[in-house]
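Mind docking chain B on chain A? Use the hints.
Chain order of the listed sequences is A and B. Residues in the first sequence are numbered from 1 upward in steps of one, following the numbering used here. Residues in the second sequence are numbered from 1 upward in steps of one, following the numbering used here.
A portion of the hints provided could be inaccurate.
Stated by the list, open to error - Partial list, derived from the structure: chain B residues whose beta carbon lies under 10 Å from chain A:
hint : residue
1    : Val64
2    : Lys88
3    : Ile186
4    : Lys231
5    : Val312
6    : Pro382
7    : Gln386
8    : Tyr436
9    : Ala440
Read the hints as simulated data drawn from the structure, not as lab findings. For every residue, glycine included, the Cβ atom is placed at its ideal position computed from N, Cα and C.
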Amino acid sequence: MVDLQSLSALAERTVSMTTRAGADRCDVVAADTNAISVDLEKGSVKQANIFSDPGVGVRAFVKGASGFAVCTGLDEAAVSRAAAMAVSLARAGTPDKDFKDLPVARQVTTLPGLYEPKVAEIGPDEVVVMVIEMSDIAGDHKKVTSSNASAAVSVCQVALANSNGFSSAQRMTSVDLVVEAVARDGEAMFSGYDGCSGRRLEQGAIERVSGVARDQAVKGLVQTKLETGDYAIIMDPLAAGFVLGNAIGGGLNADSVQRGRSFLAGKLGETVGSPGVSIYDDPTIEWASGSTSFDGEGTPAARSVLVDKGRLASYLYDSYTAGKESRGSTGNSSRGGSVWSYRHPPSISTTNLVVSPGDSSFDEMVRETRSGAYVRATFDYPNLATGEFSGLMMESYVIRDGELGPAIRQSTMGIGIVEMLSRVDMVGKTPRDYFGVQTPPFRISSARIAGSG
Amino acid sequence: MEDLASKTIDHAMKLGAEFADLRLESSQGTNIVVMDGKTKTVTAHLSSGCGVRAFIDGAWGFAVTNDISQSSLSAASESAVKMARVAKDRAKVKFKISSSKAQRAVERYRCDTAPSDVPMEEKVSLASSLDRSMRSTDPRIVSTNARYDDFEGERIVANSFGTLVRTRETWTLAACSAWAKSDGVIQRGHDAIGMVGGYELMRTEKALSLGAEAAAQALRLLDSKPAPAGKFVCVLDNKMTGLLAHEAFGHACEADAVLAGASVLEGRVGQKVACSGVTLADDPSIEASFGFFSHDWEGVKADKHVLIEDGVLKGYLHNLESSSRMGTEPSGSSRAQTYGSPPIIRMSNTFIAPGDWKKDELLEDTKDGLLIQGSQYGYVEPSKGQFMFKCDEAYAIRHGEVGERYRDASLSGVILEVLNNVTGVADDFMVGDPGYCGKAGQSARTSDGGPHLRVADVVVGGLV
Chain A
1 MVDLQSLSAL AERTVSMTTR AGADRCDVVA ADTNAISVDL EKGSVKQANI FSDPGVGVRA
61 FVKGASGFAV CTGLDEAAVS RAAAMAVSLA RAGTPDKDFK DLPVARQVTT LPGLYEPKVA
121 EIGPDEVVVM VIEMSDIAGD HKKVTSSNAS AAVSVCQVAL ANSNGFSSAQ RMTSVDLVVE
181 AVARDGEAMF SGYDGCSGRR LEQGAIERVS GVARDQAVKG LVQTKLETGD YAIIMDPLAA
241 GFVLGNAIGG GLNADSVQRG RSFLAGKLGE TVGSPGVSIY DDPTIEWASG STSFDGEGTP
301 AARSVLVDKG RLASYLYDSY TAGKESRGST GNSSRGGSVW SYRHPPSIST TNLVVSPGDS
361 SFDEMVRETR SGAYVRATFD YPNLATGEFS GLMMESYVIR DGELGPAIRQ STMGIGIVEM
421 LSRVDMVGKT PRDYFGVQTP PFRISSARIA GSG
Chain B
1 MEDLASKTID HAMKLGAEFA DLRLESSQGT NIVVMDGKTK TVTAHLSSGC GVRAFIDGAW
61 GFAVTNDISQ SSLSAASESA VKMARVAKDR AKVKFKISSS KAQRAVERYR CDTAPSDVPM
121 EEKVSLASSL DRSMRSTDPR IVSTNARYDD FEGERIVANS FGTLVRTRET WTLAACSAWA
181 KSDGVIQRGH DAIGMVGGYE LMRTEKALSL GAEAAAQALR LLDSKPAPAG KFVCVLDNKM
241 TGLLAHEAFG HACEADAVLA GASVLEGRVG QKVACSGVTL ADDPSIEASF GFFSHDWEGV
301 KADKHVLIED GVLKGYLHNL ESSSRMGTEP SGSSRAQTYG SPPIIRMSNT FIAPGDWKKD
361 ELLEDTKDGL LIQGSQYGYV EPSKGQFMFK CDEAYAIRHG EVGERYRDAS LSGVILEVLN
421 NVTGVADDFM VGDPGYCGKA GQSARTSDGG PHLRVADVVV GGLV
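So that you can see chain A by itself, here it is in the shape it has in the complex:
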């Protein structure tokens, strides 16, 4: 890999080239990512991959219009062509007075918990051992007929520089584990899934995700149907992470809000959740997958409170949307999550979205639910214009009289996102991180379920 200093020097030289080519403002990301991944299929190691992806992304502004050009590799001549092209593309765009400026040069403190040397030293043999261990644990049940697993480790080095004199670089490691167990019992078939991401391999992670996948696969073999009606719903961190990542990440995007496209537009300061709901964005969490010392434009990392005890406290800003409101960026300009990419212009995104834990245990939530469902997985998106959500309960279980029952076959849940947050009446103690969202389970007092019973 190229060393960080060389990468920074290239980014700074490219800023100079882009400015000389006619950009009023510009920023340049130079990245070099190396990754190893291994896939295991039905208990047998199937494929080992090694990736190297160096490249440069140049964003130029001319009269507020932005042009973005990408070149693969770090060859100086190709980078120079990309710089000229970015300026030419910006000239073809529409002048935009709403663009005020890129972040000014500020000292960036390198956060702890971004780079784990032990991860950088992991070789393909060790990744193979990881997936085998995952598969062995996930397959350790007589009804599990297949276990599939993959593991990836990467080292990402990025340098970011802009025409205001900002220049910084950071190294980040990441580990991603995904495991699926498939169980069969006669004609019945079900699968359990789990995974985790972070900037290092947490102790016990392999055992935990593999055990969860195995147990969920077996649990789901016994199925029942539910009548259409209103039910209390306990959202698992897996389901909640997917829904909130899209609903809050998308709904609070200041660009959508300013354009009037978001269901959360105009709701700043208003109540959008129950008093038990507090949500914040925090890029400073040690070893979390979205942590970073500075955002994709060079704004230093900082925690932002988004929903404070049910009240909407802030939107997510980059420099453009912040400039439009003459306020500061919240540092939510993203070049990717755990691994930064030079291939796309930055866009607004959460870093690590966190739902504050409450004081209920999962068992208490189940015990206090007379008629409801525990939704472990859904992969549906809310309508960000209306805030309405209707999605498949891909993995869910019936709750009757405080007892967790069989898996629910073919049902969907429907509720508005604001209603969902406002009806949260119990919040769990123990968060988990899925899709860059750290959330405990929580209970919604009532939502519509369309059942097949």
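Leaving out everything else, chain B in the frame of chain A:
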């Protein structure tokens, strides 16, 4: 380039690979987004690189480089072989890649006007005019998004069986989204067009009317109500039938899911999985469609594959590995997003074949149900046998009459049940809804379609 490819393959074989292949690519592309009358971004990419795969005794090694010099490609070969050895040592399932006939071809997909010959200003002007066409429709249109994408690439696929296929590929896509607001209600409408071909698509009436279509849909939805929840008889339009074909069956027919023990269709070839009269196919050979290709990313000639014929499951979608392991011919269904991704089994243009019903008769014959129109997205878990998809609009059908409008209905079903619940297949066939299908972190251009289709006992998710 061909020489470079051959030398790289030879190098991998000399190092001990039983089989080796590569995808050597060079491409350029444009993405323009115009929002509310101003360009948001004008993006261009220049990309080149190579992905080399080596196979040894049941295991693959894959290595990627962005540098297409001989020395880098040789190093990638060495890494691929090394990774294959690492994987092979712990591979329990041993198999060979069956030798197949070497393919030699130089092909250029039809493209009348290369996007690179069109000035950037003209492309920006196109996106701006699409954006303007939405805002000029009605004062209730409060926000707009117009997008234009093009891609021009040259790909060499070579393997150790002697295959060497050089493909010049161009595709273009345009999409519009409009947000309408009235009395505090916001709704979004959208429309898209795309094909394997050049900029000529952007000069068609359909492309130029995208904005008006998106705006009209957003305005229609303003007076819609949230969809009811429950079990319904549903009449799906062409786009939703396509999404059903893709999500409900296409993914479960991908042989890699079958080999992983993660498809409910495992072991069901030759069995009845749908009503008589239901035929479902995947066909990459439909020229100018968004899912078109003539050789796949392993260099195999791509043909139409009938997956279900008259209700009976006929087979799966295959790549070189799955066909070798399952003792059949490769079907040319292997695709990689770029050189940086290993090829995996993917769909192309997936559809249900037309039937005998007239669309109007199908609606008139429906006493109580929903007409489901326009596809947003869908997903499936073949190992759970469940799928879900979301439509743009739904309408009540009462005594054969189409009535009240609903929004955001989500439809869910069970793979092994849904096509057994088909009660009518219309004759109004259409393929062409362009989109990107995601699988294993890779995106592939696809399209789908079919006729209007009536299905009983569909669980519709809604808020009321």
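Interface hint outcome for Gln386(B) [beta carbon to chain A under 10 Å]:
6 Å, holds
Taking 10 Å as the limit, does the beta-carbon of Val312(B) come near enough to a beta-carbon in chain A?
With a minimum Cβ separation of about 19 Å from chain A (threshold 10 Å), the hint on Val312(B) is violated.
Are Lys231(B) and chain A close enough, Cβ to Cβ, to be under 10 Å, as the hint says?
Where the cut-off is 10 Å and the nearest Cβ of chain A is about 6 Å from Lys231(B), the hint holds.
Hold the hint about Pro382(B) up to the distance rule: shortest CB distance to chain A must be less than 10 Å.
9 Å, holds
Residue hint Ile186(B), partner chain A, criterion CB-CB below 10 Å
This hint holds: Ile186(B) lies near chain A, its Cβ roughly 4 Å from the closest one there, short of 10 Å.
Interface hint check: Ala440(B), Cβ to nearest Cβ on chain A, cutoff 10 Å. Holds or violated?
9 Å, holds
Quick check on Val64(B) please, does its C-beta sit within 10 Å of some C-beta on chain A?
5 Å, holds
Answer holds if the nearest beta-carbon of chain A is closer than 10 Å to that of Lys88(B); otherwise answer violated.
8 Å, holds
Closest C-beta approach of Tyr436(B) to chain A relative to 10 Å, hint status
Violated. Min distance 15 Å.
Hints 5 and 8, counting from the list given before, are not met by this structure.
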